[in-house]
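Chemist: One line per chain: the protein sequences are A and B, in this order. Per the working numbering: the first sequence = residues 1 to 305. Per the working numbering: the second sequence = residues 1 to 185.
Hints in this document: simulated from the structure, not taken from any laboratory. One or more hints might be untrue.
Claimed, not checked - Residues from chain A that face chain B, not an exhaustive set, calculated with beta carbons under 10 Å:
(1) N11
(2) K19
(3) Q26
(4) A50
(5) M82
(6) E105
(7) G108
(8) H130
(9) F132
(10) P217
(11) T266
(12) L282
C-beta: ideal position from N, C-alpha, C; glycine also.
Each chain is listed here by its residues.
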Amino acid sequence: MAERNGVRNGNGSVKGSFKVKAGLAQMLKGGVIMDVVTAEHARIAQDAGACAVMALERVPADIRKEGGVARMSDPELIKSIMAAVTIPVMAKCRIGHFVEAQILEALGIDYIDESEVLTPADEENHIDKHPFKVPFVCGCRDLGEATRRIAEGAAMIRTKGEAGTGNVVEAVRHARAVNAGIRKLQGMNHAELVHEAKQIGAPVEVLIECQKLGRLPVVNFAAGGIATPADAALMMQLGVDGVFVGSGIFKSEDPLKRAKAIVAATTYFDKSEVLAEVSAGLGKAMHGLEIPAIPKDELLAARGW
Amino acid sequence: MQGAFAEHVRALEGAGARTRLVRTREDLEGLDGIVLPGGESTTMTMLMERVGLLEPLRDAIRGGLATLATCAGMIVLAKDVTDGMAEQQGLGLLDIGVRRNGYGRQVDSFEAPLHIDGLNGKTFPGVFIRAPLVERTGDVEVIASHDGRPVAIRHHRILALGFHPELSGDLRLHREFVRLAASRN
Numbered sequence: 001m002a003e004r005n006g007v008r009n010g011n012g013s014v015k016g017s018f019k020v021k022a023g024l025a026q027m028l029k030g031g032v033i034m035d036v037v038t039a040e041h042a043r044i045a046q047d048a049g050a051c052a053v054m055a056l057e058r059v060p061a062d063i064r065k066e067g068g069v070a071r072m073s074d075p076e077l078i079k080s081i082m083a084a085v086t087i088p089v090m091a092k093c094r095i096g097h098f099v100e101a102q103i104l105e106a107l108g109i110d111y112i113d114e115s116e117v118l119t120p121a122d123e124e125n126h127i128d129k130h131p132f133k134v135p136f137v138c139g140c141r142d143l144g145e146a147t148r149r150i151a152e153g154a155a156m157i158r159t160k161g162e163a164g165t166g167n168v169v170e171a172v173r174h175a176r177a178v179n180a181g182i183r184k185l186q187g188m189n190h191a192e193l194v195h196e197a198k199q200i201g202a203p204v205e206v207l208i209e210c211q212k213l214g215r216l217p218v219v220n221f222a223a224g225g226i227a228t229p230a231d232a233a234l235m236m237q238l239g240v241d242g243v244f245v246g247s248g249i250f251k252s253e254d255p256l257k258r259a260k261a262i263v264a265a266t267t268y269f270d271k272s273e274v275l276a277e278v279s280a281g282l283g284k285a286m287h288g289l290e291i292p293a294i295p296k297d298e299l300l301a302a303r304g305w
Numbered sequence: 001m002q003g004a005f006a007e008h009v010r011a012l013e014g015a016g017a018r019t020r021l022v023r024t025r026e027d028l029e030g031l032d033g034i035v036l037p038g039g040e041s042t043t044m045t046m047l048m049e050r051v052g053l054l055e056p057l058r059d060a061i062r063g064g065l066a067t068l069a070t071c072a073g074m075i076v077l078a079k080d081v082t083d084g085m086a087e088q089q090g091l092g093l094l095d096i097g098v099r100r101n102g103y104g105r106q107v108d109s110f111e112a113p114l115h116i117d118g119l120n121g122k123t124f125p126g127v128f129i130r131a132p133l134v135e136r137t138g139d140v141e142v143i144a145s146h147d148g149r150p151v152a153i154r155h156h157r158i159l160a161l162g163f164h165p166e167l168s169g170d171l172r173l174h175r176e177f178v179r180l181a182a183s184r185n
């Protein structure tokens with residue numbers, strides 16, 4: 001994996017190295033990152049035990065409903081959310097829109113999500129993420145896509161799932177695809193690995209790293225459609241390191257209660273008695289969408305490559 | 001509970017220890033040492049409080065359980081925390097005052113070589129991620145500083161670090177901690 005060395009300072013310290021970029025994601029593990037659209041939401045998320053928040057103008061469910069071009073959020077909104085909480089704040093930029101990313105970096109955001117939830121700005125190239133001091137998280141549907149993003153400098157990966165649906169089926173598909181892709185590497189010799197890299201469009205070096213580790217070389221979260229504590233625990237049992245919850249919390253009847261329950265379910269993902277307890281009496285979950293009911297050209301996961 | 005526990009498990013096992021993840025009161029039974037890892041201190045404290053782990057853990061550490069606290073773990077141990085959430089109430093067992101994210105946001109996260117007292121050989125690679133700034137120290141021993149601020153603190157059977165040895169690939173501090181834990185009684 002490419003190690004970029006960041007910016008050297010006078011006192012012997014180095015800022016923005018890949019180690020500190022990937023390291024923040026390692027600190028988020030076992031946690032829940034929640035989408036928030038106001039400072040008030042951000043405080044609720046923090047009170048519920050979120051390990052980070054994603055600052056947005058509209059949650060994916062609303063982006064889906066309203067249509068039109070979805071862009072980076074207003075810096076004023078992002079700043080108000082950064083001021084409201086002490087946990088890390090993430091924000092989304094469009095795929096390939098490196099200037100939105102530069103703006104987010106200038107705001108001092110802690111993590112940038114180069115996200116398919118927003119309308120892509122470049123249909124061929126993702127952002128070259130290495131030159132940035134701020135770390136990036138990117139979505140994937142399978143191992144090839146994950147390793148391409150890592151080669152571009154992503155310090156964290158998440159499944160794409162299908163955002164704004166409250167339907168976990170796509171996140172499950174993507175997490176299983178990554179797992180299967182990595183399992184397939186075990187026992188391959190170098191020639192076979194190079195061939196596999198060609199088949200799935202993966203950079204060979206990153207694939208070697210995956211084979212050696214038996215997992216992605218960066219932290220891997222689940223995202224896209226998680227709406228209940230059981231959904232979060234399901235993804236954790238499938239082997240992800242943590243979960244993003246987008247529309248699932250603030251589109252539900254009792255956001256604080258549901259958020260707390262999802263946090264507990266992510267920590268105690270393998271303790272069914274805890275899951276039973278926290279799943280009870282949460283009020284209505286978000287309504288949700290069946291994937292086949294969505295017109296093909298409105299599927300967000302198909303954005304990015 | 002939440003955070004970089006897997007990295008500590010790897011480092012501790014590399015240092016010859018057997019490990020167990022502690023998520024409930026029962027998990028505390030029979031330990032020689034405990035690691036309070038990096039992560040989000042608000043999340044960890046809240047979860048520990050919710051499942052009734054905070055009190056038994058405080059008693060255990062007070063009773064001499066060897067403790068390695070890194071980054072957020074150091075915040076959880078500290079007596080005074082500034083810039084936490086209004087009601088952030090951790091273990092309050094270590095007489096230091098820390099400012100959360102005192103070095104700045106993620107873009108200010110850094111790596112720096114450290115000279116640590118009692119550690120032979122070359123400098124230790126310090127990995128600081130949204131690290132807490134130690135603003136005040138009371139009755140404790142400072143064993144390393146960076147830019148004039150304490151970054152490693154020892155007090156009886158507690159080793160508290162503002163950085164992340166579990167991300168450094170250098171096992172010397174974990175070995176030191178395993179020795180400390182094994183030296184009980």
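Chemist: Hints first: check each against the structure and report whether it holds.
Modeler: A quick look at each hint next to the structure:
no. : hint : verdict
1   : N11  : holds, 6 Å
2   : K19  : holds, 6 Å
3   : Q26  : holds, 5 Å
4   : A50  : holds, 7 Å
5   : M82  : holds, 8 Å
6   : E105 : holds, 7 Å
7   : G108 : holds, 5 Å
8   : H130 : violated, 15 Å
9   : F132 : holds, 9 Å
10  : P217 : violated, 13 Å
11  : T266 : holds, 8 Å
12  : L282 : violated, 16 Å
In the structure shown, a violation is registered for the earlier hints numbered 8, 10, 12, in ascending order.
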